[in-house]
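Protein chains: 2
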Amino acid sequence: MNYPSRLVEEAVLEIAKLPGIGKKSALRLALHLLKSDLGVTHRLTDALLNLREKTTFCTICHNISDGDICQICGSFKRDDSILAIVQDTRDVLAIENTGQYTGKYHILGGIISPIQGIGPNDLNIESLVERVRNNPEIKEIILALSPTMEGDTTAFYISKKLSEYNLKVSTIARGIPIGGDLEYTDEITLGRSIVSRVNF
Amino acid sequence: MNYPSRLVEEAVLEIAKLPGIGKKSALRLALHLLKSDLGVTHRLTDALLNLREKTTFCTICHNISDGDICQICGSFKRDDSILAIVQDTRDVLAIENTGQYTGKYHILGGIISPIQGIGPNDLNIESLVERVRNNPEIKEIILALSPTMEGDTTAFYISKKLSEYNLKVSTIARGIPIGGDLEYTDEITLGRSIVSRVNF
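Residue numbers (full-length UniProt numbering), protein chains in the order written: chain A, 1 to 200; chain B, 1 to 200.
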C-alpha cells in the first residue's frame with residue numbers, strides 16, 4: 001500500500017507488529033490518533049513507556065507488581081497451603097475473577113514449547129522448586145495450565161520435579177464446558193470426560 | 001477487573017480508548033509489550049509521537065502529507081480535470097489501490113453528521129468551493145462518499161454548493177457488489193439496483 005506520508009507508514013508498521021493487529025487496523029488506529037487531540041497520543045505513549053520501564057515483578061510469585069511483593073503474596077487472607085501454577089498474569093486475572101480460589105500463585109512466565117525454543121530453564125520452575133523446599137506449609141500444587149500438548153508437557157515436567165516433596169499435586173478439571181453442547185464437543189474432550197466421569 | 005499493578009491498569013485503560021480495542025485485547029497488548037524488549041515499546045511510542053506531532057496536511061487537497069503539497073497534488077501525471085471528493089485518507093488509499101483513478105482528490109475530513117455534531121463548517125467544503133472557483137480546468141466532481149444517510153446528505157450539500165459552476169457532478173456507482181449473492185442483498189440495494197439498471 002502507498003501510504004501518503006512516511007510518518008504514517010512508520011506508525012502503521014510499528015502498530016502492526018503488535019499481536020492480532022493487521023495493517024488495516026493499524027492504519028485505522030494511526031488515523032484515529034491523528035484526528036484526536038495531541039493529549040490522547042501523549043497519554044497513550046506515556047502509559048506504555050511507564051508500563052515497560054517501571055513495572056516490577058513480585059520476587060515470590062513472579063506476577064506483575066507495583067512493589068517487591070505483590071498484593072496476593074503479601075495478603076494474610078490468602079491460603080498459604082495451596083499454590084496454583086499458571087502460565088502468565090492473564091491466567092491469574094482469569095482465576096481471580098472466578099472468586100473461587102483463595103490460595104496463592106506461581107507464575108511460570110510461559111510454557112515449555114520446543115517449537116518456540118522455550119525450555120524449562122527459560123521458565124520460573126527452579127524458583128518454584130526452591131519455594132516449595134523452603135515453605136513446608138505448602139501442601140498442595142494445582143497445575144492450572146491450558147490443556148494443550150505444551151501445557152501437558154509442562155505439567156508433567158513440574159510434577160516430576162516436585163515428586164520428592166510430600167505434596168498433593170492436582171490439575172484443573174477437564175471436560176465439557178458449562179453451557180457447551182455435547183454434540184459439538186470434540187472427540188478427545190468427550191472421550192476423556194467419559195473416562196474421568198465423577199459421582200453425581 | 002483487579003489488575004496486578006497500577007501501571008498495567010493505566011496502560012490498559014489508555015490502549016482500550018483506541019477504536020475497536022476492548023479491555024481484554026488491551027491487556028494482551030500490554031503484556032506483549034512487557035514481555036518484549038524495551039526497544040519494541042520505544043520504537044512504537046516514538047512512531048506514534050512523530051506521527052501525531054510532525055505529520056502535516058496538503059494545503060490543496062487536505063490529505064496527509066510529508067510536505068506542503070502531497071504527492072498526488074504535485075504529480076504532473078494526474079488528471080487535473082477530475083476531482084474525487086472523499087471522507088478521509090483511508091478512502092484515498094482504497095481508491096488508489098484499485099488503480100482505476102487518475103484524477104485528483106479533495107479530502108473533506110469527515111461527513112455531515114448532526115448526531116455527532118459535525119456540520120458543513122467543520123469540513124473542508126469551503127476550500128473545495130474555492131478550489132473549483134480558482135481552477136477552471138476542473139470539469140468533473142466525483143462524490144465518492146459512503147452510501148449512508150450521512151454520506152448522501154453530504155453529497156447533496158456539496159452538489160448544491162457547486163451548482164453555480166459549470167461542472168459535471170457524478171457519484172460512484174451503487175449496486176450489488178461483485179461476488180455478492182443476490183439472495184442475501186438487502187432490499188434497498190437490490191431495489192435501487194433494479195431502478196438504476198444499466199445497458200448490458
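Please keep in mind that the hints were generated in silico from the structure rather than gathered at the bench. Being a predicted model, the structure only gives us computed values, none of them experimental. Please note: incorrect hints may appear among the correct ones.
Note that the list lumps identical chains together, so a pair holds whenever it fits in one copy or between two copies.
Distance condition first, Cα-Cα at most 30 angstroms in a straight line; then the derived DSBU-like pairs of lysine-lysine [said to hold, decoys possible]: (1) 17 x 35; (2) 23 x 35; (3) 23 x 168; (4) 139 x 24; (5) 139 x 161; (6) 35 x 24.
Exercise. Quick one: which hint numbers does this structure break? Sort them smallest to largest.
Key: As far as the earlier hints go, 3, 4 are violated by this structure, in ascending order.
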